[in-house]
Each structure stands twice: as C-alpha cells, then as structure tokens.
Amino acid sequence: QKEVEQNSGPLSVPEGAIASLNCTYSDRGSQSFFWYRQYSGKSPELIMSIYSNGDKEDGRFTAQLNKASQYVSLLIRDSQPSDSATYLCAVKTLYTGTASKLTFGTGTRLQVTL
Amino acid sequence: ETGVTQTPRHLVMGMTNKKSLKCEQHLGHNAMYWYKQSAKKPLELMFVYNFKEQTENNSVPSRFSPECPNSSHLFLHLHTLQPEDSALYLCASSQELWTGRSDTQYFGPGTRLTVL
Chain X
351 QKEVEQNSGP LSVPEGAIAS LNCTYSDRGS QSFFWYRQYS GKSPELIMSI
401 YSNGDKEDGR FTAQLNKASQ YVSLLIRDSQ PSDSATYLCA VKTLYTGTAS
451 KLTFGTGTRL QVTL
Chain F
68 ETGVTQTPRH LVMGMTNKKS LKCEQHLGHN AMYWYKQSAK KPLELMFVYN
118 FKEQTENNSV PSRFSPECPN SSHLFLHLHT LQPEDSALYL CASSQELWTG
168 RSDTQYFGPG TRLTVL
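Residue numbers (the numbering used here), protein chains in the order written: chain X, 351 to 464; chain F, 68 to 183.
Mixed in with the good hints, there may be bad ones.
To be verified - Lysine-lysine pairs mimicking DSS-like chemistry, simulated, CA-CA at most 30 Å apart:
id	chain 1	residue 1	chain 2	residue 2
1	F	103	X	451
2	F	103	F	119
3	F	107	F	85
4	X	392	X	451
5	X	451	F	108
6	F	86	F	107
7	F	119	F	85
8	F	119	F	108
9	X	451	F	107
10	F	89	F	107
11	F	103	F	85
12	F	85	X	392
13	X	417	F	108
14	X	451	F	89
15	F	89	F	103
16	X	392	F	86
17	F	89	X	392
18	F	85	F	108
19	F	86	X	451
20	F	107	X	392
21	X	417	F	103
22	X	392	F	103
23	F	107	X	417
24	F	86	F	108
25	F	108	X	392
26	F	119	F	89
27	F	108	X	406
28	F	119	X	451
29	F	119	X	392
30	F	119	F	86
The set of hints was computed from the structure by calculation and includes no laboratory data. Here the structure is a predicted model, which is why all the values come from computation and not from measurement.
Chain X with its partners taken away, still in its complex shape:
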C-alpha cells in the first residue's frame, strides 16, 4: 500500500470553478500535512499546511483534514489558468524516535480551462 495516495489526474476544471484535490495517507501517527504546487520543470512550492482536523483557509485555498478517515484535501476557489500545475500532498511522519520525514504522493495534475 502506498503511504500517500493521490489521483494522478489530469483534473480538468473550467476557469472560475472550484477545484477539489484529494489525498489519503496510511500512517495514523502522521502529524502534519502539506500541499505543494509544482509547475512543469520547476521545484515544489509550499502553498498550505494543516495540523488539526477541520478546515484552514488562505485566500482562494482551503485545506481540509480528517484524521479519522486519514484524508486531506485542497480546494481552490475561483480557479485560474495560472493554477494549472501538479499539486503534491506531503505527510510528515515519524521515522525514528526523534526525527520525522515528509512522504510525498505522486501528485495530481490540475488543468484549468478557459
């Protein structure tokens, strides 16, 4: 079983619509959750982090976390063509007694169409 799973897409949404990106993870001990955006040929860029169950909003982005269901999502309101990118879900998990690491999903490619 993959540690962090995402639908690879592409997810196609029209401009102005809400894009919904989903991620599930396998380690119940996971502590922190992150969404990165990666444009083609570029490095990942952090856009959201969430640590507690519920919603966290930042501008057009809302991250949602449900630890019981081991599920984290990212909503993008009023999608713009510039939002077209691959969105990586990353989960921080313990790997030794005193250290943790980020485990990434394969990413979901989002296409916002005109």
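Since chain X is already given, all that's left is putting chain F on it; use the hints.
For chain F alone, coordinates are given in the frame of chain X:
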C-alpha cells in the same frame, strides 16, 4: 525565491564522468535533504543531514555520495552514473528534524541531470 539555491541548473554527463551538485540555503536552517524526482514517481528522499550529521541514507547506490561541510551547504557527488539516474535532483532545507515541530521543507530550483 525560497532562499535555497542549487547549481548547476542543468547537467549532462557521460557514465564515466564525475560531477558534483551544490546546494546552499540562506534560511538559517539546520536540516538539509536531497531528493530525486523521476517522471511519474513520487519524490524520493535520498539523504538527510541534521546539524551536519547524516541521519538517513535511503538505500541510495554508492555512486551517489553526499557531503555536508556545514549547515548551509550540501553537495551530491556523482560518479559512474547510469542512464536511469537521469532525473530532477532537488535540495530542500528545514529548521530541524525534531518531532512535534510543524516546520516544513523549502525546496531549491533543482538540477536537471541527464546521463548519456
């Protein structure tokens, strides 16, 4: 600009060459990471350094050799690579590795490596 720089940005090398990738962070962080990103695969963690000490070698072949002379600099020395090693190599840094912290990792722009 995340405060993490990498050089070179592009590298083409033959299988018998020796080259090095360089990463520098200007964020005052104490942990640095090397990742490999191949097409259609998740980011693969290769090496982790915390306060200059290597804390993880994720079963990486010995043809990749990391070096961390101080908390701001990280190198990846390459020798006798294979064509399947062609990928985007990303460096990242974070405040530290300790559990319970909510800090995250900031990535450099990457080095696109092609092995002929």
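Status of the hints after comparison with the structure:
1. F:103 / X:451: holds, 15 Å
2. F:103 / F:119: With Cα atoms ~20 Å apart, residue 103 (chain F) and residue 119 (chain F) stay inside 30 Å; holds.
3. F:107 / F:85: holds, 27 Å
4. X:392 / X:451: holds, 22 Å
5. X:451 / F:108: Cα-Cα ~18 Å, so holds.
6. F:86 / F:107: holds, 26 Å
7. F:119 / F:85: This hinted pair holds, its Cα atoms lying about 23 Å apart.
8. F:119 / F:108: Status holds; Cα separation ~28 Å.
9. X:451 / F:107: Holds, because 21 Å separates the two Cα atoms, which is no more than 30 Å.
10. F:89 / F:107: holds, 25 Å
11. F:103 / F:85: This hinted pair holds, its Cα atoms lying about 18 Å apart.
12. F:85 / X:392: Judged against 30 Å, a Cα distance of about 25 Å means the pair holds.
13. X:417 / F:108: Measuring from Cα to Cα gives roughly 25 Å; hence the hint holds.
14. X:451 / F:89: holds, 22 Å
15. F:89 / F:103: The given pair, whose Cα atoms are some 14 Å apart, holds under the 30 Å limit.
16. X:392 / F:86: holds, 22 Å
17. F:89 / X:392: holds, 17 Å
18. F:85 / F:108: holds, 26 Å
19. F:86 / X:451: With a Cα-Cα distance of about 28 Å, the restraint between residue 86 (chain F) and residue 451 (chain X) holds, given a limit of 30 Å.
20. F:107 / X:392: The hint holds at about 15 Å.
21. X:417 / F:103: holds, 29 Å
22. X:392 / F:103: holds, 13 Å
23. F:107 / X:417: holds, 27 Å
24. F:86 / F:108: holds, 24 Å
25. F:108 / X:392: holds, 15 Å
26. F:119 / F:89: Answer holds: residue 119 (chain F) to residue 89 (chain F) is near 15 Å, not above 30 Å.
27. F:108 / X:406: holds, 28 Å
28. F:119 / X:451: holds, 17 Å
29. F:119 / X:392: Measuring from Cα to Cα gives roughly 27 Å; hence the hint holds.
30. F:119 / F:86: holds, 21 Å
Comparing the model with each earlier hint shows no violations; every hint is respected.
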